[in-house]
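*Asks:* Here's the letter readout for the chains.
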Amino acid sequence: MIRIKKLYKDWKEFSLKDINLEVKKGDYFVILGPTGAGKTLLLETIAGFHIPDRGEVWIERHNITNLPPEGRRIGFIYQDYSLFPHFTVEENIEFGLKLRKSASPDANRKRLKEIMDWLDISHLAHRYPATLSGGEQQKVAIARAIAIEPSILLLDEPLAALDLRTRDYLREELKRVKHELEITMVHVTHDQTEAMVLADRIAVMMKGQIMQVGTPYEIFNKPQNEEIADFVGVENILSGVVRNNENGVAEIEVDIGCNIFAVSDYHAGKVKVFIRPEDLILSERKEESSARNVVKGKIEGLNDMGPLTHVKLDNSLVALITKQSRESLELRKGDEVYATFKATSVHVVR
Amino acid sequence: MRKSRIKEVKEKLKREKIFILFLFLGFFLIAFVCITLGNMFYKQAEDFSGLVDAAKDPVVLTAIWISISAAICSTLIAFFFGVPLAYFLARKDFFGKSIIESIVDVPLVVPHIVAGIALYGVFMRSGVIGAPFEQVGIAFTDAFPGIVIAMLFVSLPFLVDAAREGFKEVDPRLENVARSLGASHWRTFIKITFPLAFSSIFSGAILCWARGISEFAAVMIIASFPRSASILIGDRFTSYGLSGLPGIAGSRPISVLLISICLVIFVLLRMLGKRRRR
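Those protein sequences? They're chains A and B, same order as listed.
Numbering-wise (the numbering used here), the first sequence opens with residue 1 and increments by one.
Numbering-wise (the numbering used here), the second sequence opens with residue 1001 and increments by one.
There is no bait here: all hints are sound.
Some but not every residue of chain B turned toward chain A, in silico, with C-beta under 7 angstroms: (1) Arg1173; (2) Leu1174; (3) Asn1176; (4) Val1177; (5) Arg1179; (6) Ser1180; (7) Leu1181; (8) Gly1182; (9) Ala1183; (10) Ser1184; (11) Ile1192; (12) Pro1195.
Derived from the structure by calculation, the hints contain no laboratory data.
For clarity, every value in this text was computed on a predicted model and none was experimentally measured.
Cβ coordinates follow ideal geometry from the N, Cα and C atoms, glycine included.
Bound-form chain B, shown alone:
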């Protein structure tokens, strides 16, 4: 009985050979991520008081709040302009469509320090866009709006691409039927198309938000002040290393705090998204 069972497993392993090899290879990447982040958490756990100090430090908390709120703002902007664009791209075929789609994805391939330089040129006080905004009292350089636009630039493809794919998965025939039943195009979008594409748009928005928070290079060029979390972490790393000095948090405790908060929000949002989908 047992022998046959072992034989069965052996047979199965033989048949699944390629998957076993691929799992083995893939495991290196999983390990790479887990060891890197796990080690950081583990080291910080040894210095728990350092983490508590960082969590009490108003400078640290302000920086984290700036990162999170600026990323929320950039995600909302990406949502407001990106969802209509995504719907258009999903439904219409036109000459030059692939060019438009490529432009949306350009931020993915532009080095972020370059993106920062480019943004600075346009949004600085004398820049093409910066100057008129300066007139109405909105500054981008070394200001909160600067962080937002830097985040927006690097993260918008995530939302637009996800939303476009989401809209593509909604059968246009559902829209046709809704309209034949008397719903206007606008109402059809609100009641049928958007709810059905929502889970894709939502995961795109989460990615967009997370990518925004992580941005360093572009933010550093255009608005290293007010200090957002990644800028602060960068500063502390160059000045005080990983662990910091008594009374001054190093880069590691801030990092651990930042990703802990982000992970909690991420998990909560994911759960919310799942609930909505049901």
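Pulled out of the complex, with its shape left as it was, chain A reads as follows:
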């Protein structure tokens, strides 16, 4: 378990302000945030590369705030792999192993072979990092980090520099690392998909602060404020006033000129309303369904994004539909459509 208490740190143009976090043992914890939020600084401070200005870092029952990085047994993986360029793959992985006083050279050789087999990089053993592809380099970096059997693995945007296919593949490898080795992993990224796919829990970080911590479902569907909502891809952010509430379903007059229903405990007052674009269903006719909300609009723009299409309506609503449904509906700019969404898909905050 990692526990961070009231951590403050200023370093170059980055800063951490009052960070409080708890990462459970064996969790895959993702810190999600835009560039410049201080994510790397936080990770490097956990690893001991920076001494905090204030606050404490605990692992299990030990306060390690003042322990140098070499005493922490925390694996670290950078976006650019940071392999030692003057060492071969094998020497890179051995670097940490050789520093363990307890193990014999034979045991180290065995461990080296084991890890290389496990990550399928044995054939690269005698190559230098500069001759490897990005994906291969990152696998070597993972091998080097887990060789010393750390209790915690910190990953700083580990997949950001890779092409899509390699990224998908390595994402699966990271899952495998977590499940088979039962390591606590803290992974920093700005990529929502990555966070959604990998995380047991997510912390959203902005401007040096932790804004929200929760499960992927909570972060992406129930963001606590407008800023977080905007960052996690909630494209429909409306302002409104609660007019009525019946059995936990609020009727809200929103600024696009209609009333919508939302599952909420608010009975009155100004609110913000968040609806994810993929929760909107478009249709040509007003359909009878269990969904509580139907809003009419004219298509203002269609943006093809490969398998998905981004549809913008004149009432400012945005929908994300599949290519197939776009084709079957024969949507064109200027068409009138009905956007349908459930009351449970609407998240309301003050």
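Got chain A sorted already, so can you dock chain B onto it with the hints?
*Replies:* What follows is chain B alone, placed relative to chain A:
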């Protein structure tokens, strides 16, 4: 077929116009160096026996050895104190850092005769540093250590600057990773940082050494004796001119001998450095 080829070349020349002009201008400098040194070698080749005489003359050989060994000493001193300084400057930001960096480079802008005078004031037998050393039996004026410190003063920026740039090119994240793997800061420096910066430090050391050998003015002020090569060349030039007299080598054969030896060492070291880098 041929016509199109000519046209192709013409097109290419047109596109590369600025480079052709710049090459032409730059060529003057290359020619300047080559003609100057080439002419000296050529003239000496005509008087080959004079060169052989110089190479047999113990006075000449001793002087060259003094220059080379004193420059080695000053380079080692610059290395021992300069590499730590360079690492510090490469990694740490602090108030007044640019002042420290400027101080390192001051010897580059101080006229060397002035450097010699300044060094003399400090290292003479009654000087601030000279006096305590005198107590333990080390003299600088007209002594080998004097040559070494004169060389050190004028050549240290070359090593420190090159080493600093070398350390800057080593990504601090490599050091972070090494430490996360259990290596102490000290071990990280020895195993990761220093080897990766080595080729820069090494070329800095070669420059430092070569600059040391070439020093004349500062050495002349503080220690014109024992006679190092540049002092001897200066002496012989004023007394016997370029070619010298029968039995006494002039300034040119000694010069040719000195730079020949230095070039051979320089080339060998460069090759060694390349090998290390691989």
